[in-house]
Amino acid sequence: MSCLVSEFVISTRGKGTYEITEQVAAGVARSRVESGSVTVFVRHTSCSLILMENADPSARRDLEKFFEQLVPENTSWFEHTAEGRDDSTSHIRSVLTRSSEVIPIANHEMQLGTWQGIFLFEHRRAPHRRQVVVTVIGNALDSGAANR
Amino acid sequence: MSCLVSEFVISTRGKGTYEITEQVAAGVARSRVESGSVTVFVRHTSCSLILMENADPSARRDLEKFFEQLVPENTSWFEHTAEGRDDSTSHIRSVLTRSSEVIPIANHEMQLGTWQGIFLFEHRRAPHRRQVVVTVIGNALDSGAANR
Amino acid sequence: MSCLVSEFVISTRGKGTYEITEQVAAGVARSRVESGSVTVFVRHTSCSLILMENADPSARRDLEKFFEQLVPENTSWFEHTAEGRDDSTSHIRSVLTRSSEVIPIANHEMQLGTWQGIFLFEHRRAPHRRQVVVTVIGNALDSGAANR
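Residue numbers (the working numbering), protein chains in the order written: chain A, 1 to 148; chain B, 1 to 148; chain C, 1 to 148.
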């Protein structure tokens, strides 16, 4: 068994979804893990993670517009507005999605479905630098046989 | 330590919740893991996973009806409708729930609460065959002593 | 590699968010895991887990109020009301948030961001005793070198 924790930064240009599948796959490739799982984690409460349809961008436009309507910025009773009108909306949208995603690994590759991409969902209007932690745990290539 | 990745398929009859607790428990039983965790993962973006009250079916009917109202199919501004009026709704409902669930294992058994069941939540109108990956990681029965 | 599963109970005073970061950190400290991940899990379907802004309580008040409006207790068509008007709302709010959170560990510490706290989100009006399971998996301090 083996475990590798690494981190990367993604710079966002404000609200939207940003694919990070390649960066996570690179973390898996760097590990020697042949079968196991990878956990992706964002160290923030105003952006989040989703697995989403990765082919047609219109699916993500619908998703982003849906969240604008579900948690609207012009909510009159929000108290927590110190950092702007996107303050409470960012935290609530994060809670409604995920701070971590766990994806299985087999044959040294993530077992994502054909249409699944990993995306960082930025909820802030302003550009941000977001820290993403990648944790790979499982049977290593050179020690796996002993564990099976 | 030990790790076992397996997969099963569940055939859905269209929209609704389908209990898969037994199939996941079988994956745990096949592993030699005595304490650790099991990750359940769906390889799709138009169905998802939930942990839900497993006793009274009316709880699940309320849940399913709630999602029909929260993300309605007749949303006029949806762009992503190539696969039908359940296209964007399926992706959005998946994002609002989960693609993976992680459940602890102790004494070689999942530590679900009394009323917790694992369900696949199908968001498509048509029947589908859904791939579910089960990853068990932890102390194995015959090697656990050395790890404690 | 090492794995440690432990459990603690948190007594809630009814609806609201209760920080449990310290209890989870104690579970990580008790393990010998230097790098890996910790999974937090609630054994219930009427409370849930979130990672949330931990500094300004107004962020949590907005969140709690938002959920009261998103899944209102006075929904006329709810069938599942055997345990009161907070019955279906509790399950639905759990499904919209999380039953588990996975947080990476490096340098023997959880890699939470500066403003991230782990909270139990109680959806029931009445006080409850909630069981939380903490699973730590990763490279142990005294065996880590062999695994890298």
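Any given hint could turn out to be false.
Looking from chain C toward chain B, a few residues come up when the C-beta cut is under 8 Å (computed) [stated by the list, open to error]:
#	residue
1	Y18
2	N74
3	H80
4	S88
5	L96
6	L112
7	W115
8	L141
Beta-carbon label-pair distances, calculated as ranges [unchecked claim]:
#	chain 1	residue 1	chain 2	residue 2	range
9	B	V9	A	N107	14 to 22 Å
10	B	L141	A	T75	34 to 42 Å
11	A	G14	C	E73	33 to 41 Å
12	A	Y18	C	E109	21 to 29 Å
13	A	D56	C	R13	26 to 34 Å
14	B	R129	A	E7	19 to 27 Å
15	C	S76	B	E19	26 to 34 Å
16	C	E73	B	D56	15 to 23 Å
With a Cα cut of at most 27 Å, we get these calculated DSS-like pairs of lysine-lysine [to be verified]:
#	chain 1	residue 1	chain 2	residue 2
17	A	K65	B	K65
18	B	K15	A	K65
19	C	K65	C	K15
20	A	K65	C	K65
21	C	K65	B	K65
22	C	K65	A	K15
23	C	K15	B	K65
24	B	K15	B	K65
25	A	K15	A	K65
If you are wondering where the hints come from, they were derived from the structure by calculation, not from laboratory data. As the structure is a prediction and not an experimental result, all values here were calculated from the model. Beta carbons are placed, not taken as given, at the ideal position from N, Cα and C, and that holds for glycine.
These are the hints, each one checked on the structure:
Using the Cβ-Cβ criterion of 8 Å, the hint placing C/Y18 at the interface with chain B is not satisfied: the shortest such distance is roughly 18 Å. Violation of the interface hint for C/N74 is found here, the shortest Cβ-Cβ separation to chain B being roughly 14 Å, above the 8 Å cut-off. Interface hint at C/H80: satisfied, since its Cβ lies 4 Å from the closest Cβ of chain B, which is below the 8 Å cut-off. For C/S88, the shortest C-beta to C-beta distance to chain B is roughly 4 Å, which falls under 8 Å, so the interface hint holds.
Nearest Cβ of chain B to the Cβ of C/L96: about 6 Å, under the 8 Å cut. The hint holds. Hint status for C/L112: violated, given a least beta-carbon distance of 17 Å to chain B, over 8 Å. Nearest Cβ of chain B to the Cβ of C/W115: about 23 Å, over the 8 Å cut. The hint is violated. The interface hint given for C/L141 is broken, as the beta carbon of that residue sits about 13 Å from the closest beta carbon of chain B, more than 8 Å.
Evaluation of the 14 to 22 Å hint for B/V9 and A/N107 yields a pass: the beta carbon distance comes to about 19 Å. B/L141 and A/T75 have their C-beta atoms about 53 Å apart, which leaves the hinted 34 to 42 Å range violated. Remark: the range hint 33 to 41 Å for A/G14 to C/E73 is upheld by a beta-carbon distance near 36 Å. Between A/Y18 and C/E109 the Cβ separation comes to about 27 Å, which falls inside the hinted range of 21 to 29 Å.
For A/D56 paired with C/R13, a C-beta distance near 47 Å fails the hint of 26 to 34 Å. The beta-carbon spacing between B/R129 and A/E7, approximately 37 Å, falls outside the hinted interval of 19 to 27 Å. Between C/S76 and B/E19 the C-beta distance comes to about 28 Å, which sits within the given range of 26 to 34 Å. A hinted range of 15 to 23 Å for the beta carbons of C/E73 and B/D56 is consistent with their spacing of about 18 Å.
Proposed proximity of A/K65 and B/K65 is supported: the alpha carbons are some 22 Å apart, at most 27 Å. In summary, the hint linking B/K15 to A/K65 is supported, as the alpha carbons are separated by about 24 Å, within the 27 Å threshold. Distance restraint check for C/K65 and C/K15: the Cα-Cα separation of roughly 11 Å lies within the 27 Å cut-off, and the hinted pair is therefore satisfied. Distance check on the hinted pair: A/K65 and C/K65 sit about 22 Å apart at the alpha-carbon level, within 27 Å; holds.
Note on C/K65 and B/K65: the hinted pairing holds, with a Cα-Cα distance of about 22 Å set against a maximum of 27 Å. Between the alpha carbons of C/K65 and A/K15 the distance comes to roughly 24 Å, so the proposed pair stays at or under 27 Å and holds. A distance of roughly 24 Å separates the Cα atoms of C/K15 and B/K65; the hinted pair therefore holds under the 27 Å criterion. Under the criterion of a C-alpha separation no larger than 27 Å, the hint pairing B/K15 with B/K65 is consistent with the structure, at around 11 Å.
At roughly 11 Å between alpha-carbon atoms, A/K15 and A/K65 fall within 27 Å of each other, so this suggested pair holds.
Hint check: violations occur at hints 1, 2, 6, 7, 8, 10, 13 and 14; the rest are consistent with the structure.
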